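2 protein chains.
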Amino acid sequence: MSTSSIIAIDAMGGDFGPEVTIPASLECLKDNANLSLIFVGDEKLISAHLKAQGQQNSERVNIQHATQKVEMDDSPAKVLRTKKDSSMRVAINLVRDGEADACVSAGNTGALMATARFVLKMIPGIDRPAIISTLPSVFGHTHVLDLGANVDSGAEHLFQFGVMGSELVKALDGIDNPTVGLLNIGEEEMKGNEQVKMAAQLFETSHLNYIGFVEGTALNAGSAKVDLIVTDGFVGNVALKSIEGAAKMIGVALKEALNKNLLTKLVALVVMPVLANFKKRIDPRLYNGATFLGLRGTVVKSHGGADIVAFANAVKIAEVEITHNVTKKISERVQLVLSERES
Amino acid sequence: MSTSSIIAIDAMGGDFGPEVTIPASLECLKDNANLSLIFVGDEKLISAHLKAQGQQNSERVNIQHATQKVEMDDSPAKVLRTKKDSSMRVAINLVRDGEADACVSAGNTGALMATARFVLKMIPGIDRPAIISTLPSVFGHTHVLDLGANVDSGAEHLFQFGVMGSELVKALDGIDNPTVGLLNIGEEEMKGNEQVKMAAQLFETSHLNYIGFVEGTALNAGSAKVDLIVTDGFVGNVALKSIEGAAKMIGVALKEALNKNLLTKLVALVVMPVLANFKKRIDPRLYNGATFLGLRGTVVKSHGGADIVAFANAVKIAEVEITHNVTKKISERVQLVLSERES
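Heads up: the sequence lines are chains A and B, in that order. For the first sequence, this note's numbering gives the first residue as 1, with consecutive numbering after it. For the second sequence, this note's numbering gives the first residue as 1001, with consecutive numbering after it.
If you are wondering where the hints come from, they were derived from the structure by calculation, not from laboratory data. Check the hints yourself; a few may be wrong.
[What the hints assert, rightly or not] The calculated lysine to aspartate or glutamate pairs, modelled on DMTMM-like cross-linking and capped at a C-alpha distance of 20 Å, are:
1) K191(A) / E1187(B)
2) K191(A) / D1283(B)
3) K1279(B) / E187(A)
4) K1078(B) / D1097(B)
5) K280(A) / D1073(B)
6) K225(A) / D173(A)
7) K248(A) / D1283(B)
8) K78(A) / D1074(B)
9) K1069(B) / E1059(B)
10) K255(A) / E1187(B)
11) K328(A) / E187(A)
12) K1078(B) / E244(A)
13) K225(A) / D1073(B)
14) K280(A) / E244(A)
15) K248(A) / D1097(B)
16) K279(A) / E1256(B)
17) K84(A) / E244(A)
18) K78(A) / E1027(B)
All of these numbers come straight from a predicted model, not from anything done at the bench.
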């Protein structure tokens, strides 16, 4: 597609700030001739980093100065009240004002969510924003929401997550009718809590391609591919971090086994290239980038500890969402679902 | 210790029935001279299997005939109503009647929980039973409950899980003051749902060695060892199965990488013995065996698909719990906590 996209980058966000955000975003610029960037943050610092990257002044690379920076442990309330000129807030303002089509930040999740919600407002008909991301699976990948924006989501919220998530998955995966599963503690109808059982009824009678309850295994493996898995944010966040912990433990155990003695160290030398291939397949950096859904504007959250490869992936997700007009499509779909319900 | 232990084995339970339950239990008999077994189920079938295993009639190996068998998809209600002479029910009856000190079953979880609760009754002061199991971690292992017996656990339930789980961990790990963490979506106090926040207050003011909130990563990795992690059954079950799925996916990716071409297949030959070592470290069979806590009797649930190594591990868990009088200790501790609260 030839639509041009402008992305506001919160250059100061994340554990590494401009050291990561700038080279990563410039990588994306090389790959996509229709992309322009606005780096938001300390102008001098950003200029220095751009220079170091050999980046000339260009129509496609702009700087928007912001005097403040959101710290990783700043509370959302404090950020809303006292950091109105932070790189995060100013980047989101650019989206609100139509000067950018999306914002990407590696800043702290709570502050980013609170600011995005305050500045951009919710899509009419959506009660709560949700965080969606992609996980690797034996079938390729799966999309999951909510990953922690909400706790105690009711049936109606879960249904809204399903409607929004489906639109995003259509765009990201280029498929027409993504399958949707509800995360539960068993596949039988009688299992689960009240919210999940009531949500199942809403999903069953909807336009969504609902396939029923799925268990935790379905996030990475399971018996069949599910394009979108819907759950409450408390459950989704715990599941996501459990998977992170499991992967870490397996990595540590593998390393220990290969480091055990001289013989195993020799084996390690031989197996390394094969393992590199294996790691690439499930590299979390290639899944970095969580989208905030339900807002009147596109905001992608990168992991705070993202490196250049990982942050670039988050920027690419924002690009795809802009190209496919995901926020607008979600809004239209929500209005349609609402009007069908009223009629 | 020289206390003698009698374990009732639901010989017919699980995907493989006596083919697994009998040889696995006989393995445990070899290792522990103070152990006796009562195999419950079809007498003829059990006799044949014992004979095939070269097992002579002995004081330590008894058979209790039962005419029925609980199927993996039988509903708990159906089992309670129509399967009063099932191997599962009769094995639990033996515990109630003091003829066995514990029961081990690989039968369906819902039916086993419902039957155990109905036959054995709850410990006074405990509202709901909970399922606890052990997970491998980078620090050795961690115990987690509840894994699916309860959904929508309130603060008081979570606290009861903590009290019961601590007593079990003391026995299984031989430690005096196990650390206890509450599973949450962040380590900060303000995060989480109402149940978790209120539970934190109960934990903080209790005798438990409470260390605060932990995230999903703590189940297998995390920043420090936690002996016991407490959560609602919906969340715990999803987390457990998410970890299962992640491990499966990583295994599949590893296998694919090693099977890619002739060269990687040669590498695989070299690396196999090292990988065998690695697998052993996180072998789920060595963590098989979930205990039902809160009942007036010891019931250990094996995974339905358990093989001989895995089922034997579940039997060993029951042995340790009998030796350490875990059920009695939990009951005493609960009465103490209750009386302290009243005073």
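How the hints compare with the structure:
1. K191(A) / E1187(B): 30 Å, violated
2. K191(A) / D1283(B): Violated - the C-alpha atoms of D1283(B) and K191(A) are around 29 Å apart, more than 20 Å.
3. K1279(B) / E187(A): Violated, because 29 Å separates the two Cα atoms, which is more than 20 Å.
4. K1078(B) / D1097(B): It is violated: about 23 Å lies between the C-alpha atoms, which goes past 20 Å.
5. K280(A) / D1073(B): The hint is violated at about 39 Å.
6. K225(A) / D173(A): The given pair, whose Cα atoms are some 13 Å apart, holds under the 20 Å limit.
7. K248(A) / D1283(B): Holds, at about 16 Å.
8. K78(A) / D1074(B): Distance ~54 Å between K78(A) and D1074(B) Cα, so the pair is violated.
9. K1069(B) / E1059(B): Violated, at roughly 26 Å.
10. K255(A) / E1187(B): Status violated; Cα separation ~28 Å.
11. K328(A) / E187(A): Violated, because 34 Å separates the two Cα atoms, which is more than 20 Å.
12. K1078(B) / E244(A): Answer violated: K1078(B) to E244(A) is near 39 Å, above 20 Å.
13. K225(A) / D1073(B): 24 Å, violated
14. K280(A) / E244(A): Holds, because 16 Å separates the two Cα atoms, which is no more than 20 Å.
15. K248(A) / D1097(B): 46 Å, violated
16. K279(A) / E1256(B): 11 Å, holds
17. K84(A) / E244(A): Violated, at roughly 34 Å.
18. K78(A) / E1027(B): 62 Å, violated
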